[in-house]
Amino acid sequence: MSESVLSPRWNPGVCVLNADEIVVMGGLSNLDDIVQLLGDVILYNTKTGKFDRRVQNFAGLTQFQTTGNKCAQFEEDTVIALGENNYHEEDAERAFLVEYKKGSKMLKKIQ
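Going by my numbering, the sequence shown opens with residue 1, and the numbers climb by one from there.
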């Protein structure tokens, strides 16, 4: 596995997605020597041992960390996380819910 698939990170949401997959989403990473929030989603298949990036990390989209892994399977193929921003932006929300549903191309921020 290369860093281009699963970059080193801390405070991601990690949770069982279904009988065969574990989801890793968000977190903090040191990208280009700057600590940044992530908004990607990587699935790990426990049967094949392979990682698959399902949501890309793009600036302007939902990016978050989840201190203490506050993440749970909501229903089969859906994971909810309590996301937090990096607390450096004055106008940013402090905490919010983030949903990943298998097959989605984006994370959904729940209002």
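Keep in mind the hints are simulated off the structure, nothing from the lab.
None of the values given here were measured: they were computed from a predicted structure.
Here a beta-carbon is modelled for each residue, glycine too, at the ideal position from N, C-alpha and C.
Careful: at least some of the hints might be erroneous.
Said to hold, decoys possible - In silico SDA-like pairs for lysine to any residue, Cα to Cα no more than 20 Å straight-line: (1) Lys70 x Ser29; (2) Lys101 x Asp77; (3) Lys108 x Ile22.
Said to hold, decoys possible - The following label-pair restraints were derived from C-beta to C-beta distances: (4) Gln111 x Lys50: 32 to 38 Å; (5) Leu97 x Asp32: 26 to 32 Å; (6) Val16 x Leu97: 17 to 23 Å; (7) Met106 x Gln36: 14 to 20 Å; (8) Lys47 x Phe96: 30 to 36 Å; (9) Ile34 x Phe74: 30 to 36 Å; (10) Lys101 x Thr67: 21 to 27 Å; (11) Leu6 x Glu99: 29 to 35 Å.
Hint check results:
1. Lys70 x Ser29: This hinted pair holds, its Cα atoms lying about 18 Å apart.
2. Lys101 x Asp77: Distance ~6 Å between Lys101 and Asp77 Cα, so the pair holds.
3. Lys108 x Ile22: holds (18 Å)
4. Gln111 x Lys50: 32 to 38 Å: Holds - the Cβ-Cβ distance for Gln111 and Lys50, about 34 Å, lies within 32 to 38 Å.
5. Leu97 x Asp32: 26 to 32 Å: Between Leu97 and Asp32, where Cβ atoms are some 29 Å apart, the hint holds.
6. Val16 x Leu97: 17 to 23 Å: holds (18 Å)
7. Met106 x Gln36: 14 to 20 Å: holds (18 Å)
8. Lys47 x Phe96: 30 to 36 Å: holds (33 Å)
9. Ile34 x Phe74: 30 to 36 Å: holds (32 Å)
10. Lys101 x Thr67: 21 to 27 Å: Distance hint for Lys101, Thr67 holds at roughly 23 Å.
11. Leu6 x Glu99: 29 to 35 Å: For Leu6 and Glu99 the Cβ distance comes to about 21 Å; the hint is violated.
The structure fails hint 11 only (numbered hints given earlier).
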